[in-house]
Amino acid sequence: NAGVTQTPKFQVLKTGQSMTLQCAQDMNHEYMSWYRQDPGMGLRLIHYSVGAGITDQGEVPNGYNVSRSTTEDFPLRLLSAAPSQTSVYFCASSYELASRYEQYFGPGTRLTVT
Amino acid sequence: GQSLEQPSEVTAVEGAIVQINCTYQTSGFYGLSWYQQHDGGAPTFLSYNALDGLEETGRFSSFLSRSDSYGYLLLQELQMKDSASYFCAVESGANNLFFGTGTRLTVIP
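Line by line, the protein sequences give chains U and F. Heads up: the first sequence at position 82 corresponds to 82 in this note's numbering, and the numbers run straight through without jumps. Heads up: the second sequence at position 32 corresponds to 32 in this note's numbering, and the numbers run straight through without jumps.
Derived by calculation from the structure, the hints in this document are not laboratory data. All figures in this text were calculated on a predicted structure; none of them were measured in a lab. Do not rely on the hints blindly, as some may be mistaken.
Reference excerpt, derived from the structure (chain U facing chain F, CB under 7 Å, subset only) [stated by the list, open to error]: (1) G42; (2) L43; (3) R100; (4) E102; (5) F105; (6) P107; (7) G108.
Every residue, glycine too, gets a C-beta built ideally from N, C-alpha and C.
Please construct the entire structure, taking both the sequences and the accompanying hints into account.
Below, the structure written as structure tokens:
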């Protein structure tokens, strides 16, 4: 089992560019989510999915889109990158998006927007 | 809304015991969990408490008091490899998991 994988590991974008952060899991988890982590801010939920074809917004969804066409994949799209989106992005999967179930995190994507 | 408070930094000596506190305010509470994150790494799950009391897993224990909206993570027999950030997280309502801002633990020889 690879667990949760994310690509790329590092990315530099110019303001206004768009890109997609990839996330895949091989644990057959229904729940997947995206977090961003900024210094001193902890992890904040961007979007989540409770299964293929179903997505919803988290705490900080503006500027991001998601889709879930398969159980395995949950890409995060930045529509028009802004410096405020410079952050570390983590994808996670779990049996359910609930604190009682372990969230398995990917290794993260470190994004810099100039 | 939700809020979680943790100390930003804690320093402890190798071999000692350290307690990391977490107080929370949330509308609707299901449980409190703890995650560890080493520098440059991903968060990893440590423990979960839904009911009042102490849960023990090896050198790590976690405590919850629902009436006080308070929990803590207890690390015993500290090792240098325990130097990391520790986050508490609460589930508030359906599909909403909120993390605290983290406590950076430094273990010194």
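With a cut-off of 7 Å, does the beta carbon of R100 (chain U) approach a beta carbon of chain F closely enough for the hint to hold? Nearest chain F Cβ about 5 Å off; hint holds.
Could you check if G108 (chain U) really has its C-beta closer than 7 Å to a C-beta on chain F? holds, 6 Å
Less than 7 Å between beta-carbons is the criterion; does F105 (chain U) satisfy it with respect to chain F? holds, 4 Å
Should the interface hint for P107 (chain U) be scored as holding, given a Cβ-Cβ cut-off of 7 Å against chain F? holds, 5 Å
L43 (chain U) was flagged as interface toward chain F. Is the shortest Cβ-Cβ separation under 7 Å? Because about 4 Å separates L43 (chain U) from the closest Cβ in chain F, which is inside the 7 Å limit, the hint holds.
Going by Cβ atoms only, is G42 (chain U) closer than 7 Å to chain F? holds, 4 Å
Hint validation: E102 (chain U) versus chain F, beta carbon distance must be below 7 Å. Holds or violated? Since the shortest Cβ distance to chain F is 4 Å, the answer is holds.
Comparing the model with each numbered hint stated earlier shows that all of them hold.
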